[in-house]
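**Student:** Here's the letter readout for the chains.
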Amino acid sequence: MTILQFFLWSLLKVVVVTVVMLMAVAYTVLLERKLVGRIQNRWGPSRVGPFGLLQPLVDGAKLFLKEDLIPTAVYRPLYLIAPVIALGCALISIAVVPFGEPNVGPGGIHFFQISDVNIGLLVILGITSIGVYGIALSGWSSNNKYSLLGSLRSSAQLISYELALGLALVGVVMRAGSLNLRVIVESQAAKGIASWNIFGGFQFVAFLVYLTAAYAETNRAPFDLPEAESELTAGYHTEYSSMKFAMFFMAEYANMITVSCVATLLFLGGWTSPLGNLFPPPENIFAHALFPIFWFVLKVFSFLFLYVWVRGTLPRFRYDQLMNFGWRYLMPIAILNILGTSLWLAYR
Amino acid sequence: MIPISWYLLLSAALFSLGMVGFLVKRNIVTVFMSIELMLNAVNLSFVTFAHQWHMVKGQIFVFFVMVVAAAEAAVGLAIIIAVFRARSTLAVDRIDLMKL
Amino acid sequence: MHLILFIVFAGFCLAGAINLLLQSHPINSALSLIVVMTSLAVLYLLLGAEFLAAAQVIVYAGAIMVLFTFVVMLLNAGREDRTLGSRSARVVGFPAVVVILGVLATVILKAQGLGVVTLSDGITSTADLSTVLFRELLLPFEVTSVLILIAILGAVALARSGDGERTSK
Numbered sequence: 135m136t137i138l139q140f141f142l143w144s145l146l147k148v149v150v151v152t153v154v155m156l157m158a159v160a161y162t163v164l165l166e167r168k169l170v171g172r173i174q175n176r177w178g179p180s181r182v183g184p185f186g187l188l189q190p191l192v193d194g195a196k197l198f199l200k201e202d203l204i205p206t207a208v209y210r211p212l213y214l215i216a217p218v219i220a221l222g223c224a225l226i227s228i229a230v231v232p233f234g235e236p237n238v239g240p241g242g243i244h245f246f247q248i249s250d251v252n253i254g255l256l257v258i259l260g261i262t263s264i265g266v267y268g269i270a271l272s273g274w275s276s277n278n279k280y281s282l283l284g285s286l287r288s289s290a291q292l293i294s295y296e297l298a299l300g301l302a303l304v305g306v307v308m309r310a311g312s313l314n315l316r317v318i319v320e321s322q323a324a325k326g327i328a329s330w331n332i333f334g335g336f337q338f339v340a341f342l343v344y345l346t347a348a349y350a351e352t353n354r355a356p357f358d359l360p361e362a363e364s365e366l367t368a369g370y371h372t373e374y375s376s377m378k379f380a381m382f383f384m385a386e387y388a389n390m391i392t393v394s395c396v397a398t399l400l401f402l403g404g405w406t407s408p409l410g411n412l413f414p415p416p417e418n419i420f421a422h423a424l425f426p427i428f429w430f431v432l433k434v435f436s437f438l439f440l441y442v443w444v445r446g447t448l449p450r451f452r453y454d455q456l457m458n459f460g461w462r463y464l465m466p467i468a469i470l471n472i473l474g475t476s477l478w479l480a481y482r
Numbered sequence: 053m054i055p056i057s058w059y060l061l062l063s064a065a066l067f068s069l070g071m072v073g074f075l076v077k078r079n080i081v082t083v084f085m086s087i088e089l090m091l092n093a094v095n096l097s098f099v100t101f102a103h104q105w106h107m108v109k110g111q112i113f114v115f116f117v118m119v120v121a122a123a124e125a126a127v128g129l130a131i132i133i134a135v136f137r138a139r140s141t142l143a144v145d146r147i148d149l150m151k152l
Numbered sequence: 002m003h004l005i006l007f008i009v010f011a012g013f014c015l016a017g018a019i020n021l022l023l024q025s026h027p028i029n030s031a032l033s034l035i036v037v038m039t040s041l042a043v044l045y046l047l048l049g050a051e052f053l054a055a056a057q058v059i060v061y062a063g064a065i066m067v068l069f070t071f072v073v074m075l076l077n078a079g080r081e082d083r084t085l086g087s088r089s090a091r092v093v094g095f096p097a098v099v100v101i102l103g104v105l106a107t108v109i110l111k112a113q114g115l116g117v118v119t120l121s122d123g124i125t126s127t128a129d130l131s132t133v134l135f136r137e138l139l140l141p142f143e144v145t146s147v148l149i150l151i152a153i154l155g156a157v158a159l160a161r162s163g164d165g166e167r168t169s170k
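From first to last, the protein sequence lines are chains A, B and C. First residue of the first sequence: 135, per the working numbering; consecutive thereafter. First residue of the second sequence: 53, per the working numbering; consecutive thereafter. First residue of the third sequence: 2, per the working numbering; consecutive thereafter.
Since the hints were made in silico from the structure, they are not lab data. Misleading hints may appear alongside valid ones.
[Stated by the list, open to error] Computed footprint of chain C on chain B; a stretch qualifies when at least three of its residues, placed anywhere within it, have a C-beta under 8 Å from a C-beta of chain C:
1) 54–60
2) 75–82
3) 85–92
4) 99–111
None of these values were measured; they are calculated from a predicted model. Yeah, the Cβ is synthetic: ideal placement off N, Cα and C, and Gly gets one too.
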């Protein structure tokens with residue numbers, strides 16, 4: 135494969151994945167509004183299009199056409215760049231996620247992964263940690279006390295929970311012996327649901343720790359203190375309007391999707407079927423390519439469902455409770471899990 | 053194809069810039085950042101030499117430098133916050149007394 | 002390919018470092034330092050140190066610099082003001098730094114037998130790195146963990162003592 139072909143293929147994959155990701159973000163918002171509506175015994179959006187299916191497009195158009203206000207007291211360069219950082223980091227990390235069976239195409243092209251990196255997991259963690267700057271800078275540059283408080287809370291929360299998040303993943307990495315996401319998925323492929331890390335790998339505790347930390351990382355309920363509307367009006371994006379607000383909004387949902395993808399890959403066997411090798415893989419090349427994607431999307435969708443369900447049912451934590459929980463419970467549990475997993479791997 | 057010396061020259065330039073910052077800047081946080089810049093420049097040399105001699109230990113040295121830098125940043129920033137509480141200034145020239 | 006990547010990211014490094022010096026507001030300096038660090042991560046990748054590249058982004062850009070911006074935001078540090086010391090530092094500092102840079106550059110340029118870096122040189126895998134780290138250098142590793150523990154205790158103690166004074170007043 136020449137360099138030119140490589141560039142063209144990568145460009146095509148990037149464009150397709152970005153478009154799919156943005157559509158997924160839009161429809162995750164609709165999913166959330168519909169589900170929260172049902173949980174609160176109302177309908178949710180139902181006017182635009184059949185079952186309200188066109189609502190996200192209309193919302194997007196509305197946000198795009200709104201007047202773009204820039205308050206006079208903001209620190210302009212950082213104020214303008216902060217939403218770009220937030221959305222950029224949220225979208226970049228999808229680049230290393232494998233969506234489906236790797237070796238489908240001719241010529242060694244990975245159709246369903248933009249780039250197959252040896253240190254894929256670390257890349258995702260690194261880009262997530264850069265994403266903190268979007269939130270921190272937006273709060274500081276807005277020159278508004280609610281924004282500043284929201285962004286200080288958020289940076290502290292992200293730094294604290296990133297530790298628990300990273301430590302929860304160590305058990306999985308030790309079991310697979312690699313940081314490559316594809317290798318991690320393939321290590322769980324053999325016996326279907328019984329060999330997934332969450333069940334067969336005894337990583338259930340790690341899974342719970344990861345899930346909790348991930349909810350905190352994405353600023354979602356019950357850990358959505360940075361934008362607690364009852365105390366901080368809207369937290370770090372109080373001063374943002376129109377498209378710049380929409381960028382933060384999309385970044386939040388894109389982060390949710392990335393986190394769900396990572397959870398699927400690391401704990402639920404990624405694109406592999408829950409039935410394992412019970413049935414032989416389908417002969418048809420299209421079915422062979424599409425079934426893994428079906429399983430992957432199904433698993434990611436169930437995570438997003440869980441996100442919305444949790445948001446609809448649990449009340450918000452208090453700030454001190456949040457910090458105590460992260461440092462006093464999640465971190466030690468994650469470390470104990472590493473200890474247990476390494477002992478098990480050493481003496482099995 | 054890049055000669056190794058280019059990487060080393062870049063590292064030297066970054067180190068010197070860090071040193072200039074350390075000497076010229078008057079804000080204690082920026083001075084601290086210049087120290088981090090110098091550490092990074094040295095790390096680049098370590099990685100370059102690890103590549104030159106095919107020694108993994110050079111990279112591990114960088115790993116240790118990062119760990120120490122993290123510890124140093126935590127303690128140093130705690131000290132800066134303590135100083136700011138006592139003096140309510142960040143200018144290094146105004147922090148010239150040993151006692152409160 | 003390698004040449005383009007090197008020139009672009011080395012340029013980012015130098016521009017960031019110079020910008021760190023020119024900016025008078027600490028948060029701008031912090032951001033330019035982040036640019037330097039992430040570009041250095043790319044240079045590490047070019048040199049085949051992939052784990053270090055990730056660690057550079059996670060530890061330096063993602064943790065240490067977040068602490069710095071956090072402190073700048075918390076203290077709400079404004080623009081830096083010119084004081085007496087800056088003049089003498091300039092007079093003595095600049096020539097000294099130029100001399101040091103000159104010495105370093107001549108040593109590097111005179112050195113014999115330095116090789117070249119190519120993209121196909123192969124990368125040091127994380128497994129190789131950890132084998133050396135945990136087999137041969139286990140004791141330094143453990144000592145570093147003790148160091149971090151001490152640093153955490155020190156930071157907590159420093160932060161605590163400030164609170165104690167305020168309540169006692």
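**Student:** Can you tell me if the stretch 54–60 of chain B counts as covered by chain C, using C-beta to C-beta distances under 8 Å and a minimum of three residues?
**Tutor:** Result for this restraint: holds, n = 7.
**Student:** Verify this for me: three or more residues of the stretch 75–82 of chain B with a beta carbon less than 8 Å from a beta carbon of chain C.
**Tutor:** Result for this restraint: holds, n = 7.
**Student:** Can you take a look at whether the stretch 85–92 of chain B is actually covered by chain C? Rule is 3+ residues, C-beta closer than 8 Å.
**Tutor:** Holds: 5 residues of the stretch 85–92 of chain B have a Cβ under 8 Å from chain C.
**Student:** Taking a Cβ-Cβ distance under 8 Å as contact, does the stretch 99–111 of chain B have three or more residues in contact with chain C?
**Tutor:** Answer holds; 8 residues pass the 8 Å Cβ test.
Checked against the numbered hints above, the structure violates none of them.
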